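Could you put the whole structure together from the sequences, leaning on the hints where they help?
As given, the protein sequences belong to chains A and B, one line each in that order.
Residue numbers for the first sequence follow this note's numbering, beginning at 1 and rising by one.
Residue numbers for the second sequence follow this note's numbering, beginning at 254 and rising by one.
Hints in this document: simulated from the structure, not taken from any laboratory.
From a predicted model like this one, the values you see are computed outputs, not experimental measurements.
Among the hints, a few may not be true.
As the list claims (entries may be wrong) - Cβ pair distances, simulated, as ranges:
| no. | chain 1 | residue 1 | chain 2 | residue 2 | range |
| --- | --- | --- | --- | --- | --- |
| 1 | A | T224 | B | Y632 | 57 to 67 angstroms |
| 2 | B | I471 | A | M178 | 35 to 45 angstroms |
| 3 | B | T497 | A | Q207 | 48 to 58 angstroms |
| 4 | A | M178 | B | S681 | 55 to 65 angstroms |
| 5 | A | S144 | B | I505 | 46 to 56 angstroms |
| 6 | B | K476 | A | P137 | 24 to 34 angstroms |
| 7 | B | W265 | A | P137 | 52 to 62 angstroms |
| 8 | A | T69 | B | L622 | 34 to 44 angstroms |
| 9 | A | G153 | B | V407 | 42 to 52 angstroms |
| 10 | B | K266 | A | T224 | 50 to 60 angstroms |
| 11 | A | S70 | B | V705 | 44 to 54 angstroms |
| 12 | B | R267 | A | Q207 | 47 to 57 angstroms |
| 13 | B | M604 | A | T67 | 19 to 29 angstroms |
Stated by the list, open to error - Only pairs whose alpha carbons sit at most 30 angstroms apart, straight line, appear in this in silico DSS-like list of lysine-lysine:
| no. | chain 1 | residue 1 | chain 2 | residue 2 |
| --- | --- | --- | --- | --- |
| 14 | B | K493 | A | K109 |
| 15 | B | K290 | B | K452 |
| 16 | A | K169 | A | K140 |
| 17 | A | K33 | A | K140 |
| 18 | B | K476 | A | K104 |
| 19 | A | K169 | A | K109 |
| 20 | A | K109 | B | K494 |
| 21 | B | K457 | A | K104 |
| 22 | A | K109 | B | K481 |
| 23 | B | K494 | B | K476 |
| 24 | B | K495 | A | K109 |
| 25 | B | K493 | A | K104 |
| 26 | B | K495 | B | K478 |
| 27 | B | K480 | B | K495 |
| 28 | B | K480 | A | K104 |
All C-beta atoms in this analysis are idealised placements derived from N, C-alpha and C, irrespective of residue type, glycine included.
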Amino acid sequence: MSTEINNPESTNPSALLEFRNVNTHYGAVHILKDVDLAIYPGELVCLLGGNASGKTTTLKTLLGMVTPTSGDVVLDGEVVNSQPTSYRVANGVTMVPENRRLFKRLTVKENLMLGAYLRNDRDGINEDLEGVYDRFPRVKERLSQKAGTLSGGEQQMVAIGRALMSRPKVLLMDEPSMGLAPALVQQNFELIEQINNEGMSIFMVEQNANMALSIADRGWVLLTGRVILDDTAEALRANEDLQKAYLGGGSGE
Amino acid sequence: MTALPSSLLLDWKRIVRWGSICAVALLFVSLVGMPIKLDPKSIISPLLSLGYVSLFWLPLIFGYVASSRVVLEGVETSKPGLPDLLTGVLTGAIGGAGLTLLMLGIENFDIRDPLINWSPQLLEVLAFGARDLNPAVWIGIGGALGLFGAALNVIPESLRRGISYGFFTVLAVAIFEPALDDMSEGFRLEWLIELIFQKRGGLKLWPAIILASLIGMISIISKGKVKKAVAQYREQEAPKKKQTSYVLFGVIAALGIVLPIFMGTYVNSLLANVGIFLLLALGLNIVVGLAGILDLGYVAFFAVGAYTTAVLTSEISPFFAPGMTWVLSLVFVVILAALTGLIIGAPVIRMRGDYLAIVTLGFGEIIRLLFLSDFLKPYFGGAQGILGIPGIDLGVVYISGTDTRGIFYLVLFFCAIAVYVSWRLQASRLGRSWMAIREDEQVAEAMGINTVNSKLMAFVVGAVLASFAGAIMAARVGSVFPNSFMILISIVILVVVIVGGMGSIPGVFVGAFVLIGILGGPKQPGLLQEFGSLKLLVYGMLLVYMMLQRPEGLVPSARRTQELHQEEFLQDSWLKGTDDEEQSVEGEEAQV
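Right, here's the structure in full:
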């Protein structure tokens, strides 16, 4: 098993979002152990791992909802350890939460506007709204409808649209395939790939390793809070240990 | 195959179940003392008093419920007929038998010690004042009422609507008698009052019958057009709806300004009470309805407003009596209320749900106990409170505490401010952040909303509105005492908000008028003064009923109806066979 940490770019100053030797604790429980991560502009990277491996904590730490006990979270070259979530959102980090979690009783439009909560540039907001409508014509049809009444696929569109409304530099996606019908999962990954192709950096946490690696550039594997594998997506897909552990032993796809 | 004719097959289990529930309900109502307490309030004099209404409606309702069928779309059911009527009769009779047993029990045993209403007085009421009435009469009465209830199921819908509207109108007119009496002077309509009401209260028989049949006829002829109009209003396009809303609002505002001129002291003082609670409820509606913070200690801010006014305006305030005018003191009221909001809010706001509710409950009591304490007695007078609060000098006019009309106008003004503020806030960025927090606090935080600040703001806005109500209350009563700020006030305000419809401004108005106006506040009498301490029981029953049957409130905000009845919509559409996994609820509605 290749446990050697191969991370030559972690000190590269051009990283968009970076973990430097991050440790986090919930009370006495040590969750993330010396984690080093880096996301570069335009990349689509994924974080794989089983249950309780610390994937969600990683996201929460990136977004500032959990403060690391040691190590640095670096956003665009700036250490943001003590900055609140609002600062990080304003500076280009946004999350699409697990299971979409729209504001169910608010309208689709209100949901989208809440994505742009921290922005004051009316023109820019309208421009981005139009962008979301162009990308998801179905969302435009349902603007005044309560978000909770949408179908799963439509909710996913609104969730991504809401995240895009903050004009992020990097999009964090927590389990994007969770709770979606199988037919929609494929569609959803195509959508993520497409957004990435337009230049958006995406950091994706996913259990569906096969699917995730098929569109990602790079990937990390987390095991009980430690990064045990860090390689290109192709190499990870070829890795036999990983195949056995996460990819169901098949030959991918 | 020979089967029994289906008309004789009764669902005995159902009859016995509903009948026993009815009997238990009747016993409960009797032993709680409703018939005795409400007997003095005459509905149709001398035939029917509210006390008997409190007994009669039960077999009627249970007869109706027991005989109503579960109607499934697309499933053939036989026409309602004789079996249903029989079901109603039997259900009502079983219920009535409960009272028969009660009468026999009172005659033969004495358990008045735990049950204070197990009394000859109750027996007298149950025997209709007659000395030796056969208790079995109640079986007959129950049966007759059950039959009537069941008959409502059998007759066509329009007739049912006519009868129930007629009945409710008579009831309402009788309940509103003191108010109508009071208003008649202003409108020079004393002759009309004399025509329809008995001198000692209650409608005369013939006017009641004429009124009921008139209203019944009208409702039959109009065939639910009113309902349609309301539905139409709700479905209007946004800009048009806005226009209609403005017109409606204008009409109501004009009525609110003009009507009090014609009303006497009684109605105006009633309205002033309603107004103070309305103002409180509007404030709490922001905290609970918009931001989703269940604040059970809301009375604290009411108390702070009242005490600040008292200290600053009263000449005989114990330690510091600047004798300010009311208007000037209002500035300090706002500042202090906002500060209290921050101080109480800061530790509380980090908690969620149940924990928050309990802690606010505690803070509400702490504030009252502080004012009551010996420790602060030199400053706030302890249990003796602060007396001698002057009226309100507005420069142009002077409103004394006893000038109920002036107080009402003042309350109306502040309510208008509260409505405007809540209305504007709903569409604002702050309002949106509140709603987001109410929906999903974690995601709201992930959107970059500073949830702590946002929630604190809701607390502060609510606190300031409540303090206005407190300031007006202090000037109106002329004195403040710690015990005017019991926990009960918080709860009553919350009930007003819930019964009216959480997050709905018109709902809060309806809730305040229905609950405070008719039943009365914790210490303030309403139209039905006879209720007395039973008021709280009715509050509780109303709350339980609303939670079960109409959780969205009397006048729901469109948002909540949608959410709460979504499942029903889905079920309905399933029954109609238009189900489509991907189809949304509203899509289905559009199809139907």
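Verification of the supplied hints:
For the hinted restraint 57 to 67 angstroms between T224/A and Y632/B, the CB-CB distance of approximately 60 angstroms keeps it satisfied. The given range of 35 to 45 angstroms is broken by I471/B and M178/A, whose C-beta atoms sit roughly 57 angstroms from each other. Checked against the hint of 48 to 58 angstroms, the pair T497/B and Q207/A passes, with Cβ atoms roughly 51 angstroms apart. Evaluation of the 55 to 65 angstroms hint for M178/A and S681/B yields a failure: the beta carbon distance comes to about 34 angstroms.
In this structure the hint that S144/A and I505/B lie 46 to 56 angstroms apart at CB is violated, the actual value being about 26 angstroms. At roughly 43 angstroms, the beta carbons of K476/B and P137/A sit outside the given window of 24 to 34 angstroms. The hinted range of 52 to 62 angstroms is satisfied by W265/B and P137/A, whose Cβ atoms lie roughly 60 angstroms apart. A hinted range of 34 to 44 angstroms for the beta carbons of T69/A and L622/B is consistent with their spacing of about 42 angstroms.
Remark: the range hint 42 to 52 angstroms for G153/A to V407/B is upheld by a beta-carbon distance near 48 angstroms. Distance hint check: the CB atoms of K266/B and T224/A are about 59 angstroms apart, consistent with the given range 50 to 60 angstroms. In this structure the supplied range 44 to 54 angstroms is violated for S70/A paired with V705/B, their Cβ-Cβ distance being about 26 angstroms. For the pair R267/B and Q207/A, the beta carbons lie near 51 angstroms from each other, so the given range of 47 to 57 angstroms is met.
For the pair M604/B and T67/A, the beta carbons lie near 20 angstroms from each other, so the given range of 19 to 29 angstroms is met. Under the criterion of a C-alpha separation no larger than 30 angstroms, the hint pairing K493/B with K109/A is consistent with the structure, at around 20 angstroms. Between K290/B and K452/B the alpha-carbon distance is near 20 angstroms, which keeps this suggested pair within the 30 angstroms criterion. With a CA separation close to 24 angstroms, the supplied pair K169/A and K140/A stays within the 30 angstroms bound.
Note on K33/A and K140/A: the hinted pairing is violated, with a Cα-Cα distance of about 44 angstroms set against a maximum of 30 angstroms. For the suggested pair K476/B and K104/A, the alpha carbons sit about 37 angstroms apart, so the restraint of at most 30 angstroms is broken. Between the alpha carbons of K169/A and K109/A the distance comes to roughly 22 angstroms, so the proposed pair stays at or under 30 angstroms and holds. The straight-line distance between the Cα atoms of K109/A and K494/B is roughly 19 angstroms, inside the 30 angstroms bound, and the hint therefore holds.
Among the hinted pairs, K457/B with K104/A is inconsistent with the structure: their alpha-carbon atoms are about 54 angstroms apart, more than 30 angstroms. Note on K109/A and K481/B: the hinted pairing holds, with a Cα-Cα distance of about 29 angstroms set against a maximum of 30 angstroms. With a CA separation close to 24 angstroms, the supplied pair K494/B and K476/B stays within the 30 angstroms bound. Restraint check for K495/B and K109/A: the C-alpha separation of about 19 angstroms stays at or below 30 angstroms, so the hint holds.
For the given pair, K493/B sits about 26 angstroms from K104/A by alpha-carbon distance, which is consistent with the 30 angstroms threshold. A threshold of 30 angstroms between alpha carbons decides the hint, and for K495/B with K478/B the separation of about 22 angstroms falls inside it, so the pair holds. Our distance criterion of 30 angstroms between C-alpha atoms is met by K480/B and K495/B, whose separation comes to about 19 angstroms. The suggested pairing of K480/B with K104/A holds, with an alpha-carbon distance near 28 angstroms, which does not exceed 30 angstroms.
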